[in-house]
Amino acid sequence: MDREKLSGNVKLVKIDDIDTDQIFHQSLLTIHNPEEIKPHIFGNLQGFERFGEENHQNKILIVGKNFGKGSTRQQAVTGFLSHGIKAIVGESFGPIYYNNAVNGGLLLIEAPRISAFTITEQDTIEIDFVNAVITNMNTGEKIDCNPVPNPVLDIINAGGLLELGKGAGK
Amino acid sequence: MTGFTLIEKIIKKHTDVLINDIYPGNIVWVDLDLVTARDYAGPQVVDLFQKNYPNSNTFDNEKIIFTPDCYPYGNDPKHAIDQEKIRVFAKEHNIRITDLGSGIGSHLLFRRGFVKPGDIAIGADSHYNILGALGILGQGAGDVMLAFSMKTGKFWIKIPETIKVVLEGDYKWPTTSKDLALYVLKYLHEYGITGKAVEFYGDIISKLSIEDRVTLCSLITEASGVIGFVSPDQTTVDFYDKLGISTEVLSADEDTRYASELIIDIQDLGMYIACPPHPHNVKPIEEVVGTTINSIIIGSCTNGSSADIHNAALILKDQKINSNVRFGLVPATREDFVDINLRGDMTTILEAGGNFFGAGCSTCAKGQYGLTGGETAVTMTTGNRNTQGKIGPADVYLASPVVAAATAIEGKIAIPKIRGD
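Same order as they appear, the protein sequences are chains A and B. The first sequence begins at 1 in this note's numbering and counts up by one. The second sequence begins at 171 in this note's numbering and counts up by one.
If we strip away everything but chain B, and leave its shape as in the complex, we get (with noise of 0.2 angstroms):
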C-alpha cells in the first residue's frame, strides 16, 4: 500500500473509517474543528438550524464561530437585521462571533489561531480552501451543510485526488506571488483540475511568506479545485509560535503516489493580469498595457493583508493618484489595519489620494461594496474573481497590489517601476 496525500492525511485523522476506505472518489464523514458562518448565509444557517432542530443544542459550541464579514456596516436594513439574527443565536448558544470591523472570517481563522495546520474548518466562504496555505483543510460550504454541521459536527467530502504541482525556478519584484498565483491558475484551469487538490513544492516554498501562499492557493477555487496545500514548514511553526501556539510541521507521506505530477517553469516570471470575463483569462501584462482604468480596489482574502498594501504603499510613496481614478483599500482584518498603521503605509497611501474602508470582504461579496463601476468605467481588483456583471456591468481586470498600485497613478494598466523602499 502506498503512502496517503495531505489531504488523505487529515481526513484519516478526523474519521473512523477504516484505513482501505481512504482513497480518491471514496465520500468520507469526517468530525470538524471548527463550523463558521457569516452574515451572508450565517441568517439561513440559523433560521434552517432553528427550523429543524427546534430547541437543540449545537454539538459543540466552543467550535463554531460566526465572522461576519461581508457588509461591514451595510447599506441596507436588512443587512443590519440579518447581522442582529446572528448576535441573538451566538447568545443565546454562547458561541463566540467577530463581530463587525474584525474583518475576513478565513483570514482571522489563522491570524488568531482558531485554527491550525492539519485541522479541518468549514464556512460559508468559497475561499476557505487558503487555509491550505497553512496545511489546514479549509472547504466552503452552502447554508444547509452549515445548519447540519453545527447540529452534528460532521461534514461529508469526497476524497480527492491530488495533482503535485513543482514550481521550478525564482521571481524578482515587482512580479510578486500573484502574478504567481495568476500564471499558476492559468495553468492548472487549462490542465483541469476540477474536483482535484493540489500539493505545491519547489525551492520557491520556503521563501514564501504566509500571506504570499494565502495568495497563492486563494485562486484555486478559481480553476474549481478542491484545495490548494503548502505543507506546513518552519514558516508555519514559526507563524504559530507567534500566537504562542505549538504545531509541527505535517507533509504528504513520501511514498505517496499522486494522480499526476506537474513542473511549472516560473523562471523570471513577469506579470499578469486576469483579463474580462473570466479570472482564468489570464494575460501578460505587456498584452493590456495602457487599457483605461477608472476604479480600483485593493482588499480580498486574495490580497487585503497588510503585506499587500505595503506593497502598494512602496509604490505610492510621494505620488499622487490619477484624477480620473477612485481608489479605495479595504484591510483584511484590523490586524492588517493596525500593521498598516505602525508602518506608515497608510500615512502615505491617505496622501497619494486613497480611501480606507472597515475591514472585510470587499468587492468579492457585495454590501461592503458592489458596483464600483457603473456603465462605462472600468474596475480593477486584486480579488479573485472578475465574471462579467459580478462587481460592474463593465470590465473588470484583476491584478497584484503593486499593479494596481502603479495604475492607479496612470489611470491606466501601468508596469509599475518606481519602488519608494
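Bound conformation, chain A alone (with noise of 0.2 angstroms):
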C-alpha cells in the first residue's frame, strides 16, 4: 500500500451504530472461509441485504458512526477484504472493530465530520494520509480526518498482525 495515499470510487452506507449482527450475523458464525464469507455482509442491514452479492472490489466504503459495534467477530471484517474494499471511512468505529480491522490488514479511516461532507456514489475520493485530509476528485471538497497511528500502518503494511509475530519466539 503507499503510505501517502490512496484513491477509490465510493460506496454510501451511512447509516449510525450499525453492530456486527447486521455487517455478518450470528447464525453464521461456524463460517470462517474468506469467499464463503462475502455474499453475507450486510445481510441483515435493512436496505442493504444485496451488498454480498454485488461487486465492490476496490471501492472506499463510507459509513456513519460507531461502526462495526457488536461482537467480535473477525468475519465482519474479512468479508469487506474480500469484496477488495480499500478501506472504511466513517465518523468513529467500535473499538474492538478497529483493532480486528487493523489486525486484518483493512484500512479505517476516522473522519470526526463526515456526515458533512458532499458525496455520490459517481464520486472519486483520495486520502492523504501524511495531511490527513479527504479530497473530493469531482468537486474538489476536501475534509480533514484523524491522522492515521504509525504503528497501524505498520501493521496494515507488514500485511496484518500474524505476519508481525513470525519472527517472535521459538
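Take the hints with a grain of salt, since some may be wrong.
[Said to hold, decoys possible] Quick partial rundown of chain B residues pointing at chain A, CB under 10 angstroms, derived from the structure:
1. Asn196
2. Val314
3. Ser421
4. Ala422
[Stated by the list, open to error] Here are the computed lysine to any residue pairs in the SDA-like style, where the Cα-Cα straight-line distance is at most 20 angstroms:
5. B/Lys248 <-> A/Glu36
6. B/Lys221 <-> A/Gly159
7. B/Lys233 <-> B/Gly323
8. B/Lys248 <-> B/Gly528
9. B/Lys342 <-> B/Gly372
10. B/Lys179 <-> B/Val419
11. A/Lys166 <-> B/Asn227
12. A/Lys142 <-> A/Val130
13. B/Lys328 <-> A/Asp154
14. B/Lys221 <-> A/Thr30
15. B/Lys328 <-> A/Asn150
16. A/Lys166 <-> B/Trp326
17. A/Lys166 <-> B/Asp230
18. B/Lys328 <-> A/Leu153
19. A/Lys11 <-> A/Lys142
20. B/Lys221 <-> A/Asn146
21. B/Lys356 <-> A/Asp16
22. B/Lys248 <-> A/Asn33
23. B/Lys328 <-> A/Asn55
24. B/Lys248 <-> A/His40
25. B/Lys334 <-> B/Gly283
26. B/Lys412 <-> B/Phe507
27. B/Lys328 <-> A/Ile31
28. B/Lys328 <-> A/Ala158
29. B/Lys255 <-> B/Arg282
30. B/Lys328 <-> A/Ala132
31. A/Lys142 <-> A/Val10
32. A/Lys166 <-> B/Lys377
33. B/Lys324 <-> A/Leu153
34. A/Lys11 <-> A/Asp123
35. A/Lys166 <-> B/Pro224
36. B/Lys221 <-> A/Ile31
37. A/Lys142 <-> A/Thr118
38. B/Lys324 <-> A/Leu164
39. B/Lys183 <-> B/Ala422
40. A/Lys14 <-> B/Gly362
Simulated from the structure, these hints should not be mistaken for laboratory data. Here a beta-carbon is modelled for each residue, glycine too, at the ideal position from N, C-alpha and C.
Now that you have both chains on their own, put them together as the hints suggest.
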C-alpha cells in the first residue's frame, strides 16, 4: 500500500450504529472461509441485503458513526477484505472492530466530520495520510480526518498482525 | 505531570514504554496475563496459529485458557467438530480448558480466580470488559489478535481517554442494577463514549455486589466504549479472599485529569427497558408496559448470575408463568447452578413453569439459543443486545430479571409488584 495516498470510488452506507450482527449475522459464525463470508456481508442490514452479491472491488466504503460496534467476530472485517474494499471511512468505529480491522489488514479512516461531506456514489475520493485530508476528486471539496497512527500503518503494511508474530519466540 | 487513570496505571504495569508515552491516543504494546478463546472463534484461532506458526509453542501455556461457552451441547455437528479441535489443541499444548457446562468464560475468569484486579486479559468476547467491574482490564479481541497473542503474549491497545462518571443517589427494589445499567447506557450513548474508558464513582458503588457491578459494566460495549471500571475496593478484596487469593485495593491517582466528568442523578431511579432496535433505545417501563411478550430468557454475562435468578425467583414464588409465554433460564456458570439449587430458587422457578438450560452464553452467541421469537413472537431477554434480527425476526426487548419475571406472569411487559421473601 502507498503510505501517503489512496483513492477509489465510493460506496455509501451512511447509517449510524451498524453492529456486527448486521454486518455478519451470529447464525453464520461457524463460517470462516473468506469467500464463503463474502456473500453474507450486510445480509441483516435493512436496505443493503444484496450488498454481498454486488461488486465492490477497490471501492472505499463511507459509513456513519460507531460502525462495527458489537461482537469480536473477525468475519465482519474479513468479508470486506474479500470484497476488495480498500478502506472504510467513518465518523467513528467500535473499538474492537478497529483493532480487528487493523490486525486483518483493513484500513479504517476516522473522519469526525464525514456527515457534513457532500459525496455521491459517482464520486472518487482521495485519502492523504500525510496531511490527514480526504478530497472529493469530482468537486474538489476537502475534509480533514484523523491521522492514521504509525503502528497501525506498520501492521497493515506488514500484511496484517499475524505476519509480525512470525519472528517471535520459538 | 498529572496522575494516571486506572486504565493508564494498569497499562503502565504491563509495558516497558517510557512513562511519557502513557497518554490517551497513543498505541502501546502490553504483556498479557491471560489469553482465552472459546468455541466461537477458538477453532479459527487454532487454525490461524497452526498455519502461521507451524510447530511452534505458545508464549506460555499457563497463561492461556479455552472456555467453550457459546454452543453448550451444540445443535449442529459443526459445533462438535469445532469444540473437538479446541480440545485436541489444548491437550497438545498442555492448555487448560473449562469444558461444556462450566459456563461463560468471562464469568469463570473472576469466579474461579483466573485473573485478579490489575491484570490484563483478552478473549473472543466483546463483553470481556465486564471484568472492569473488578478492576481487571478485560478486552474482546478477534481471532487474528488471539492467534498472535497466543504466540507472543502481546496485545496492542490505543490508550483511551477516561471519563469519570459519578452516580449520585440511591434506588430501591424493584429497581435493580440492570435498570441502572440501562439508564447509564442511554446517558452515555447520547453523550458519546466511543473508544473511551469510564470510571464509576458515587456512594452507591460500595453498596453494589460484584454481580451488580458486572451488570453495570456490561453495557459499556453497547455505547461503543472500551471499558467501564469500578475501582477494586473492600468488596473486591473480600471476594478474592474467599477464593484464597490475596489482592489489594486499586485506584486512579488522586491528581488524575479526566477527559470529562459527568454526574448522573440516580436518586429514586425507576425501571427501564431497552426497546427495539438498539440497546441504547432505553425507555421508562411505563412507556411500554402492556406490550405482549411471548418468549423470555434470563441469562447472559449481563444478567445470568445466581443473584439475578434469585431476583426472578422472588417474583415467581407461588406464581405461574403465563400460558402464552415460553420462559427459559440459562445460569452463567456451574457455580451459579449450584447456588440456585442450594437456595431453592431452581425449584421455585421450575414449579412456576420455567425451563433451565445448561450454563453458557444463552441467546447472545447463537448455538445454545438462536431464534427464540419466530416471525411474530416477541422476545424479552436480560441480555445486552437487541439488534433487529439478532435473536428473532420479531422485536426484542431487554430488561432486568425482576421485570422479566413479572412479565412472564402477565404475558405482557409488567411492573413488578410482588416480592416473595
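Which of the numbered hints are not met once you compare them with the structure shown? 3, 4, 20, 23, 25, 27, 29 and 32
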